[in-house]
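Protein sequences, first through last, are from chains A and B.
Our numbering runs 606 ahead of the 1-based position in the first sequence.
Our numbering runs 62 ahead of the 1-based position in the second sequence.
Only true hints are included.
If we take Cβ atoms under 10 Å as the criterion, some of the chain B residues that face chain A in the derived model are:
1) Y138
2) T180
3) F208
Label-pair ranges, simulated between beta-carbon atoms:
4) K782/A <-> W126/B: 43 to 51 Å
5) L195/B <-> D730/A: 46 to 54 Å
6) A325/B <-> V845/A: 26 to 34 Å
7) S240/B <-> A795/A: 34 to 42 Å
8) D201/B <-> F764/A: 39 to 47 Å
9) L260/B <-> A791/A: 24 to 32 Å
10) R198/B <-> V844/A: 17 to 25 Å
11) I279/B <-> F764/A: 40 to 48 Å
12) P202/B <-> V723/A: 52 to 60 Å
Simulated from the structure, these hints should not be mistaken for laboratory data.
Every residue gets a Cβ at the ideal spot worked out from N, C-alpha and C, and that includes glycine.
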Amino acid sequence: MSHSDTIPLHPSSQSDIDEIENLINSYPSSVLPARPPSPPRAFIPISSNPPPPPSFIPSNLPPPSIPKPTPLLSSAPSVTSAAPPKPPVPPPRGSTSTSGIAGSGFGSAPNTLTEPVWDTVKRDLSRIVSNLKLVVFPNPFREDPGKALRDWDLWGPFFFIVFLGLILSWSASVKKSEVFAVAFALLAAGAVILTLNVLLLGGHIIFFQSLSLLGYCLFPLDIGALICMLKGNVIIKVVVVAFTLAWSSWAAYPFMSTAVNPRRKALALYPVLLMYVSVGFLIIAID
Amino acid sequence: MEESFSNPATSHFLGSVPAVVTEDKKTSSPEVPANLQIFPPNSQGYQTLVAPSDGGEQQPSNNWKGFFSISSYTQYFNVDTDIVLNRLISSLYPTSGDFVSKIDANPDLYGLVWISTTLVFVIASLGNCATYLMSRRSDPNTSWAFDVNYLNVAAGSIYGYALIVPLGYYFLLQYLGSNVSLVRFWCLWGYSLFIFILTSFLLIIPIEFIRWIIILIGGAASASFVGLNLRSYIQSNDLMIVAISAFVLQLGLSIFIKMWFFA
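Construct the entire structure; sequences and hints are all you get.
So this is what it looks like as structure tokens:
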């Protein structure tokens, strides 16, 4: 996990939307909008209730204990008695004691929505690196190899697949674009088909987590392809590819084998081996 | 009151479907009280559907939950490693036509998918190797050039053959009257391709004469496997022509593999 965020993340992994919602619920402060807010479209008068939480969908959230709303489209009159009588200009949205529920903003979510792009990129990159360390590198402290990648993402696999396709395409002397197309299609479709294979054999995996894991296990083959592109000797290529192939298979083995019934382990693992061998063969053969 | 359910006076309402209760049913069993546990309530028809559990037994292995649901396809992948290995080994015996009886209870599509995929990869890669070796015999200075087109042609031809030929035979045999099952056909043709994987490894030998011998033996074995099993599945002698045509098609595939990939 990244430790450079300004607000500490919840210890378990979450998607961005969950993170935003938790931040809103835990930090009920509010943010001044960048522009003067538009006049509220609907007012539900509240007397002395606690302020409603700011919502994403303003029209959906009347506080449960208010009386019937007075006629809409009025900008001021029948507003809360808690707030002072409003001038025609709508009250500043800075306080959540207003009962207007139109356009109240996101609370404290802009911490991830308005953060600099570099922060977002850095956070994603660090997640990729941590996932890589978890999956691919030998880690004796890995708590359960079968449950790798709780915090899966698809950026890492995307980079690795495209990188491998590019390397193969660069190394090819003829039909470069066809080589890239074949490599990309083989890897992407192969990951999907391998996941489907496990599901069809009655195994239990999460679809995207498996895609993510198979993509991360391509990392050793990426390195192998890079070395093969730089050194052209066939013997070296064979040795390097064999080594990285074994490494990739070793990384993918625990996850795949724990996902299915032990009597069908070989049925689930064979296609993984087939895909990596075919990619390895492509790396050796393309020059 | 119950009589009115069987012959309601509502048939004249717009859009109502008149109750189908004929007079003879009423006269044949006039003493049967209208029992709302069975349908139609007043007759003794449809008795077989009394208990809902019986309905499930009529088609024992078909729990089709829809085209896009994975769980409706898992019934075709319900095999273990040893079963698959057993079927692979028995596909190498061309003369015993008992493969269909082995797969009858539990046909699987795992063999079809992964044997054909392996075959695509094997003939594309070994075909490249073999072509290189052959051209090096005639001209020692040729350099290795990996032709990616081999993969495209291999994928198209093998997947096309393995999917479309059983489908064609299924429709043909349904048209001719016998009641066959498409999944078993796919399973049969899928396992019949296994022998080509083994012969592809032998086809790297760069001597043309030996290559032809190997491919003819392998093709004949696979073709007779398909033909004999098809004949024992159809079990009617006037459809012999179907089995012979399957034999010929499989031989044709083997010759195509030899000529395109291992030239």
